[in-house]
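Novice: The chain contents come next:
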Amino acid sequence: MTSNSTLDRTDGRRGAARRGLPGHAKPGRARGTSHRLAPYLLIAPAIILELLIHIVPMVVGVWMSFVGLTQAYIANWSTAPWEGLSSYKLALDFSSPIGNSFLHSFEVTCLYTILVVGISWTLGMSAALVLHRNFRGRGLFRTLFLVPYAMPIYAGIMTWSFMLQRDNGLVNHVLKSLGLTNGDSFWLIGSNAFWSMVVVAVWRSWPFAFLMLLAGLQNIPDDVYDAASVDGAGIWKQIRHITLPALRPVNLVMVLMLFLWTFNDFNTPFVLFGAQPPKSADIISIHIYGASFVNWDFGFGSAMSVLLLVFLLVVTGIYLLVFNRRSRRA
Amino acid sequence: MREPLSFKVFRVVVLAVLSIFILVPMWVLFTSSVKPLGDVQGKFEWWPSHVTLQPFKDIWSTVPLGKYFLNSLIVCSISMVLSVIVAIFAGYAVSRWTFRGRSVFTTTILSTQMFPGILFLLPLFLIFVNIDKVLGFTLLYQTRVGLIITYLTFSLPFAIWMLAGYFDGIPRELDEAARVDGASTLGTLFRVVLPAARPGVIAVAVYSFMTSWGEVLFASQMTSPDTQTLSIGLQSYSTQINVYWNQVMAASLVVSVPIVIAFLLLQRYLVAGLTAGAVK
Numbered sequence: 001m002t003s004n005s006t007l008d009r010t011d012g013r014r015g016a017a018r019r020g021l022p023g024h025a026k027p028g029r030a031r032g033t034s035h036r037l038a039p040y041l042l043i044a045p046a047i048i049l050e051l052l053i054h055i056v057p058m059v060v061g062v063w064m065s066f067v068g069l070t071q072a073y074i075a076n077w078s079t080a081p082w083e084g085l086s087s088y089k090l091a092l093d094f095s096s097p098i099g100n101s102f103l104h105s106f107e108v109t110c111l112y113t114i115l116v117v118g119i120s121w122t123l124g125m126s127a128a129l130v131l132h133r134n135f136r137g138r139g140l141f142r143t144l145f146l147v148p149y150a151m152p153i154y155a156g157i158m159t160w161s162f163m164l165q166r167d168n169g170l171v172n173h174v175l176k177s178l179g180l181t182n183g184d185s186f187w188l189i190g191s192n193a194f195w196s197m198v199v200v201a202v203w204r205s206w207p208f209a210f211l212m213l214l215a216g217l218q219n220i221p222d223d224v225y226d227a228a229s230v231d232g233a234g235i236w237k238q239i240r241h242i243t244l245p246a247l248r249p250v251n252l253v254m255v256l257m258l259f260l261w262t263f264n265d266f267n268t269p270f271v272l273f274g275a276q277p278p279k280s281a282d283i284i285s286i287h288i289y290g291a292s293f294v295n296w297d298f299g300f301g302s303a304m305s306v307l308l309l310v311f312l313l314v315v316t317g318i319y320l321l322v323f324n325r326r327s328r329r330a
Numbered sequence: 001m002r003e004p005l006s007f008k009v010f011r012v013v014v015l016a017v018l019s020i021f022i023l024v025p026m027w028v029l030f031t032s033s034v035k036p037l038g039d040v041q042g043k044f045e046w047w048p049s050h051v052t053l054q055p056f057k058d059i060w061s062t063v064p065l066g067k068y069f070l071n072s073l074i075v076c077s078i079s080m081v082l083s084v085i086v087a088i089f090a091g092y093a094v095s096r097w098t099f100r101g102r103s104v105f106t107t108t109i110l111s112t113q114m115f116p117g118i119l120f121l122l123p124l125f126l127i128f129v130n131i132d133k134v135l136g137f138t139l140l141y142q143t144r145v146g147l148i149i150t151y152l153t154f155s156l157p158f159a160i161w162m163l164a165g166y167f168d169g170i171p172r173e174l175d176e177a178a179r180v181d182g183a184s185t186l187g188t189l190f191r192v193v194l195p196a197a198r199p200g201v202i203a204v205a206v207y208s209f210m211t212s213w214g215e216v217l218f219a220s221q222m223t224s225p226d227t228q229t230l231s232i233g234l235q236s237y238s239t240q241i242n243v244y245w246n247q248v249m250a251a252s253l254v255v256s257v258p259i260v261i262a263f264l265l266l267q268r269y270l271v272a273g274l275t276a277g278a279v280k
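Protein sequences, first through last, are from chains A and B. Position 222 of the first sequence, counted from 1, bears residue number 222 in the numbering used here, the numbering being contiguous throughout. Position 187 of the second sequence, counted from 1, bears residue number 187 in the numbering used here, the numbering being contiguous throughout.
Only chain A is shown next, with the shape it has when bound in the complex (with noise of 0.2 Å):
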């Protein structure tokens, strides 16, 4: 509880004067330094595999984005063309039409986000403050909760998507039992893709809030609230003045977690409606993947998930300036 959120732990000088160093202990000589190799040989493994899987892939990618990788190069890239920015004009001449689909894919990709941040936090918030106070039955909820974060991703939405169907499925059905349409609507195809593709992202999010800001929740010191008791403040009162406050830099973390997993999610549709979702459900993960293995064209794929990664670093660079800075004035 020395930090204030998950970034801290990196930052090494705290680490150092909360530690100590055992090689210091016990000063040998020859000791000392094979004590000093000990922790870049104990990391080494896990370099080489991020080297190997994530750093050198990106490098790759970046060097793809400005070469004309279509099908014909993917098993001989040597020969590739060198076609400069021309994938990154193709992806932001938002007046054509490969420009403009791009563009629309953002824009939903934005709609979509932020609805299932912030339905997801609401739901999270309303789960944990309920089931901080006992009550009888409350272990019972509380690991019903976590069934959908446990299920396998793709089983939890394949389920959501036979409730979806038209003819069979239990949405429709209690549409029209309760009388508010015939139960004849599509949940899969036209715009009300987007509807279903929002409400299964929730389903599968919101439990990894709540459990989030449970954790949060338990680490705020009881005599807080025994003070603002005794001075007589009721239970929303404290909640709104205390608890939320408190809750901060929990949020912090959890809301850009929360705002990158989705805004990249690729599972959602690709399980709901295959390789090519309906237009109003083409998100940008799958809007990518679409133009890179059904068209085969990686040069323009990469140029895209490029600009992907710039827009995700400065917004998360931004968040991180705004608020870290605000909650460490706080």
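If you're looking for bench data, these hints aren't it; they were derived computationally from the structure. Any given hint could turn out to be false.
As the list claims (entries may be wrong) - Derived lysine to aspartate or glutamate pairs resembling EDC-like cross-links, with alpha carbons at most 20 Å apart:
#1 A:K237 <-> A:D223
#2 A:K279 <-> A:E107
#3 A:K279 <-> A:D93
#4 B:K43 <-> A:D167
#5 A:K237 <-> A:D222
#6 A:K237 <-> B:E3
#7 A:K89 <-> A:E107
#8 B:K43 <-> A:D184
#9 A:K89 <-> A:D297
#10 A:K237 <-> A:D226
#11 B:K67 <-> B:D226
#12 A:K176 <-> B:E45
Chain B: place on chain A using the hints.
Specialist: Just chain B, lined up with the frame of chain A:
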């Protein structure tokens, strides 16, 4: 503390809404898996009018589910074991030493977790294809080996993070006592620290297994019909001429139950590990 009526109402509403939200799909999953095909193709019924276990037999022959299962088991187990070993070493280093580059290491490794998967998929696809071409045989592209190496790195950042957290909770005096007794670095780690961190190691193993068991994006391009895993294999029920919804539900149930049970049994450790970083 006394609870006002408004909070009691709030509790009932929240619990009811969220329970329905979770339980309805669960109910559909369970009941549809024991309905005959005719019943899942017709109008939806809350309560199955005929109950049969036939779908649980048929799932194995409609698509080669056994093969998908085996592929998933092999890929997920091996990448789990390797990722836990690599994470133990790295987590121990991060927890016990302050070394130059430590913060760069932890920041880089955690941020790769947040990058879009598609960013890595395209270059890895290309790299795997071209390495195999140079080698003259298929080592990485659409093989279990390629998938294992890839999956291993997916769970690695959080695994290192979680284990470093567990190691932080183990008193340093234990290490020092072992050192005074003449134990080497690895001896200390394996004989003293690891036994004390066993719940953490188990939690990390389950987390790592779950991550690869549910992975869809890479599985969709990096597997062939022979190496296909469950995440993609399960979708082949719906590409048949008839969609065997009862079998889709039965198969989803079969692949979910072991994972969900493991998660719920270990939830205490998993939740502590997953949330530790954010809460600390």
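Novice: Hints numbered earlier in the text: which of these fail when held up against the supplied structure?
Specialist: none
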